[in-house]
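**Q** Sequence:
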Amino acid sequence: MIMSWKEELPQGTRAFKSDFMERLSRVHPAFPGLFWGPVALAAIGWGVHTGVHWAATIGLVLAGFFAWTFFEYVLHRWIFHFIPKREGLKKWYYLVHQIHHDYQEWDRLVAPPLLSGALCAFFLGLFWVLFGTPTMWPFFGGFTIGYLAYDYVHFYTHFARPKTAIGKGLRRRHLQHHHAYPDRWYGVSSPLWDYIFRTHVRPGEARRTVPKEEQGLWPRREINV
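Counted the way this note's numbering counts, the sequence shown spans residues 1 to 225.
Rather than coming from a laboratory, the hints here were simulated on the basis of the structure. Just so we're clear, the structure is a prediction, and the values are computed from it rather than from any experiment. Just so you know, not all the hints are guaranteed correct.
Here are the simulated DSSO-like cross-link-like pairs (lysine-lysine), alpha carbons at most 30 Å apart as the crow flies [claimed, not checked]:
1) K85 / K17
2) K17 / K91
3) K90 / K17
Please model the entire structure based on the sequences and the hints provided.
**A** Encoded structure:
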């Protein structure tokens with residue numbers, strides 16, 4: 001069952017003094033699928049059109065998706081939960097991720113276009129260096145599909161009331177990360193890397209109080225930049 005997310009999830013925490021920057025920090029949850037979905041399909045199609053065999057295309061798409069799950073884990077664990085020492089940088093790190101731990105607003109649950117666009121440009125360049133064309137295109141398409149899975153699973157865990165075992169597991173793990181085990185369950189779309197790196201919650205493991213500075217977080221704050 002889906003909750004009325006505009007009612008259940010709060011809205012109104014202002015992050016920027018500038019109205020323009022505040023608007024850029026928010027995005028309708030439909031945007032990633034409507035924009036990046038066609039981008040992913042176009043990349044896969046272009047790879048096939050420019051000579052990648054269909055069997056290789058399937059393998060590259062799956063490999064790209066798998067690569068995203070690893071990047072997602074690394075990003076969440078070692079970048080989103082890292083606190084820089086400089087106070088000015090702390091504000092930006094707060095805006096990148098911790099604001100979500102403190103305020104789960106419905107229009108800040110998926111990546112805004114500036115962030116997703118910057119990541120797209122970076123990884124397009126990286127895949128071009130690693131694979132060249134046309135091989136990079138199906139891989140990039142699979143990677144982008146992985147990103148979409150992450151964005152929508154993340155949104156789902158915050159506003160859905162799942163009925164299936166898989167859905168309940170996804171929601172339980174992410175909400176445990178938010179409310180009980182902030183140094184566990186860094187994977188959102190998949191728990192695979194949490195099991196590999198042993199950041200999963202073990203059966204019977206007691207809820208622990210971890211100081212925010214050890215979580216890669218710091219005390220909740222109102223912040224305008």
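**Q** If you test the structure against every hint from before, which numbers come out violated?
**A** none
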